[in-house]
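Number of protein chains: 2
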Amino acid sequence: MKVGVLGCGNVGAALVQLVEERGDEIAARTGVRLEVVRVAVRSLSRTRPIELPEGVLTRDAAAVVADPDVDVVVEVIGGIEPARELILDAIAAGKPVVTANKELLANHGAELFAAASTAGVDLLFEAAVAGGIPIIRPLRESLVGEDVRRITGIVNGTTNFILTRMSEEGVAYSAALAEAQELGYAERDPTADVEGYDAGAKAAILASIAFGAKVVAGDVYHEGIANVTTTDIDFAARLGFVIKLLAVAELVPVDGGPDEIAVRVHPAMVPLAHPLAGVRDSFNAVFVEGAAVGDLMFYGRGAGGGPTGSAVLGDLVDAAVNLTKHTHAELSVAARRPIRAIDELRSSYYVNLDVVDQPGVLRAVAEAFERHGVSIRSLEQEGIGENARLIFITHQAREADVQATLADLGNLDVIHAITSVLRVVGEDEG
Amino acid sequence: MKVGVLGCGNVGAALVQLVEERGDEIAARTGVRLEVVRVAVRSLSRTRPIELPEGVLTRDAAAVVADPDVDVVVEVIGGIEPARELILDAIAAGKPVVTANKELLANHGAELFAAASTAGVDLLFEAAVAGGIPIIRPLRESLVGEDVRRITGIVNGTTNFILTRMSEEGVAYSAALAEAQELGYAERDPTADVEGYDAGAKAAILASIAFGAKVVAGDVYHEGIANVTTTDIDFAARLGFVIKLLAVAELVPVDGGPDEIAVRVHPAMVPLAHPLAGVRDSFNAVFVEGAAVGDLMFYGRGAGGGPTGSAVLGDLVDAAVNLTKHTHAELSVAARRPIRAIDELRSSYYVNLDVVDQPGVLRAVAEAFERHGVSIRSLEQEGIGENARLIFITHQAREADVQATLADLGNLDVIHAITSVLRVVGEDEG
Chain F
18 MKVGVLGCGN VGAALVQLVE ERGDEIAART GVRLEVVRVA VRSLSRTRPI
68 ELPEGVLTRD AAAVVADPDV DVVVEVIGGI EPARELILDA IAAGKPVVTA
118 NKELLANHGA ELFAAASTAG VDLLFEAAVA GGIPIIRPLR ESLVGEDVRR
168 ITGIVNGTTN FILTRMSEEG VAYSAALAEA QELGYAERDP TADVEGYDAG
218 AKAAILASIA FGAKVVAGDV YHEGIANVTT TDIDFAARLG FVIKLLAVAE
268 LVPVDGGPDE IAVRVHPAMV PLAHPLAGVR DSFNAVFVEG AAVGDLMFYG
318 RGAGGGPTGS AVLGDLVDAA VNLTKHTHAE LSVAARRPIR AIDELRSSYY
368 VNLDVVDQPG VLRAVAEAFE RHGVSIRSLE QEGIGENARL IFITHQAREA
418 DVQATLADLG NLDVIHAITS VLRVVGEDEG
Chain H
18 MKVGVLGCGN VGAALVQLVE ERGDEIAART GVRLEVVRVA VRSLSRTRPI
68 ELPEGVLTRD AAAVVADPDV DVVVEVIGGI EPARELILDA IAAGKPVVTA
118 NKELLANHGA ELFAAASTAG VDLLFEAAVA GGIPIIRPLR ESLVGEDVRR
168 ITGIVNGTTN FILTRMSEEG VAYSAALAEA QELGYAERDP TADVEGYDAG
218 AKAAILASIA FGAKVVAGDV YHEGIANVTT TDIDFAARLG FVIKLLAVAE
268 LVPVDGGPDE IAVRVHPAMV PLAHPLAGVR DSFNAVFVEG AAVGDLMFYG
318 RGAGGGPTGS AVLGDLVDAA VNLTKHTHAE LSVAARRPIR AIDELRSSYY
368 VNLDVVDQPG VLRAVAEAFE RHGVSIRSLE QEGIGENARL IFITHQAREA
418 DVQATLADLG NLDVIHAITS VLRVVGEDEG
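Chains as they are written, first to last, in our numbering: chain F, 18 to 447; chain H, 18 to 447.
Looking at chain F on its own, in the form it has when it is part of the complex (with noise of 0.2 Å):
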């Protein structure tokens, strides 16, 4: 089975070497040989950490999905032209392709399924979300029976490091963020990892999957981390929280319609309990809440070249069997519903204020809480003088509710600043 690889970097050169390390393994376990007789890449003279035989490097990527020695393409480039119009020749030619791109897939996926469908070819993408971890399969195969109500992930492995660093080291954001720079895990530009870009368009493959209906990447509402704060972390300890950047996509029940679909990301406080608290430095983890099966949590290495080429590699071995056998996984997701306004979602909350130390303001803050029917869980009062300051959790109550809220206490001559805002998951819910 002629395989030809679109892009190597990091998670090409791992897949072109496990296919060369695993291969003898996978056709005595398969029965399929595979072989990567054509990889394309931007530059040939670039130095790469493997050795491909003269004549397997070619800067033509359109020659690659062309070549009709090449039955199966793998897309490792990312971004959503050449790859889009790539994927969308090589269906065309009957050819299965496997991608790990999760922006294309979260922006024109539909698209891309459909044409898969009618051509008869698969479309696999494993290690677009979460890297190695198998999570796109079990939702598509094991949880097609399940009805899966809700998924909440911690998807961008570069903001967990970050957030991981503050929380146990105690370095500010921006110390942290260095560190993840120096190491590789961030970019130079990091806008997509720590303002939720990333994670967005995970969410939105999520959603899709698991609940078969075209969820793109600007239906998702997201916030970043770059305002989470070391003193939200301590008070987060404090109260027997850890702060996460969570992907959530759930189904939302509506009276007398059908559930919506409500998808986000953003900072929020999970209890320490919580599986997904102990998910540490750069891994990623997929929870999910299904009616019959109940919690299920995925583990593993959400980014760098072993984990996505393994992932990678599972897809391409499905593709190659598949291909022998000429049949092919179905995936559904053009049925759109409803989506959720983030006006709309109930949940808990964390409201950090530095307050005048004087009479009069904790009632001027009840109130303003009061007015707009939110109720407080518990409050607690900090500091005195220049540092006073009211920590409040609320009960579950509607974002636009706190939303109206926090204007109305930014108003108040008593309030210093709102400092910090963050959802509370896991916790008085339902």
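Rather than coming from a laboratory, the hints here were simulated on the basis of the structure.
It cannot be assumed that every hint is accurate.
As a list, the in silico DSS-like pairs of lysine-lysine whose alpha-carbon atoms are at most 27 Å apart [stated by the list, open to error]: (1) F:342 x H:19; (2) H:19 x H:342; (3) H:342 x F:19; (4) H:19 x F:19; (5) F:19 x F:342.
Keeping the supplied structure of chain F fixed, place chain H upon it in accordance with the hints.
Then chain H, alone, in the frame of chain F:
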């Protein structure tokens, strides 16, 4: 697609209900409509949580298998016979089989898979290991190309519940066991759970799938948890460990020969920072170490009608879809690889000795360790007089050498008793 179900206990009843509730959604997503047409039970008069149309229930399991109306067979009777024969009959009739039967697979898996392969039908068994957790499919498919080196599982919910109660509430083993029995987690005769037989069967299945070789229940070395005391648990906590009953399957490199398979079940000290340490109550988890993918963990409910029924349902949909496509999944576990004797295990050990409080004791004990080449990493002396104890943690040592040391220690007059010996994982390895 017409389904015949053999057995209608917790899992069977949950499955029938899930097929009813989720049938429309499954049909919408896969194009396959499931219908349970026959259910074989032991007694027709027993009350059940589900209602079935007249004519569906029967006491004749063989007739369900033979019924030309039945396309797919689900076996949730358990035990070796008649399950084995019924499954072989179904396979011979060209009908895919979904089973949750760990005991049968751990003893006759290779025979059954060979029969399924010959007949060209699916034999799927996600529910046989770790209940609702997708682990068999990820190992068979997602990780088919991965060089899986070791699997470490908490795969028995009953013993994990007991150990959690002992650890978190300080209750004695016997009291925790009684509580597990009251809650229905443990059988009246708890031998299969507490002595590690149940976990051993699952370890054999995991080893077979991960390493593509025939491993049977009889290959698995096992120790149970009946001798674990709250004292051990307290010492473990002080040293930064928690005690878990682990099922371990690993490949061990052998100089100049093929890797050997080591497979065992025993209580062990797990470092608190290890992802398995946080797996509490009756939850299960399977930790997988691969050469390329790194560390993975799969966490969830290991038992119960809902979770196990959900796993059976996932397989059932897969088998039904494959049947409509005239395809099936292959699995070859017939190859035999050398099984490594427990004597050859290399591990770190915790040894707790009840000793005479007099000069020279430590020297005598140290001599016994030294005689067998077992090197001591840390040592604590505790208590005085009648309560004097020595607590050791060794560096990695060979099991046979440690056993020889323990035999020597047992002959020393200055030692009242070897209170406990536990293997320590995740420390000082490699």
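**Asked** Is the hinted pair residue 19 of chain H and residue 342 of chain H satisfied, with a Cα-Cα distance of at most 27 Å?
**Response** Distance ~16 Å between residue 19 of chain H and residue 342 of chain H Cα, so the pair holds.
**Prompt:** Is residue 19 of chain H within 27 Å of residue 19 of chain F, Cα to Cα?
**Reply:** 39 Å, violated
**Item:** Pairwise hint evaluation, residue 19 of chain H against residue 342 of chain F, where the allowed Cα distance is 27 Å at most
**Value:** Roughly 24 Å between the alpha carbons, so the hint for residue 342 of chain F and residue 19 of chain H holds.
**Message:** Hinted pair, alpha-carbon criterion (27 Å max): residue 19 of chain F, residue 342 of chain F. Please report holds or violated.
**Reply:** 16 Å, holds
**Holds or violated: residue 342 of chain H to residue 19 of chain F, with C-alpha atoms at most 27 Å apart** = Distance of about 24 Å is within 27 Å: holds.
The structure does not agree with numbered hint 4 stated previously, though it agrees with all others.
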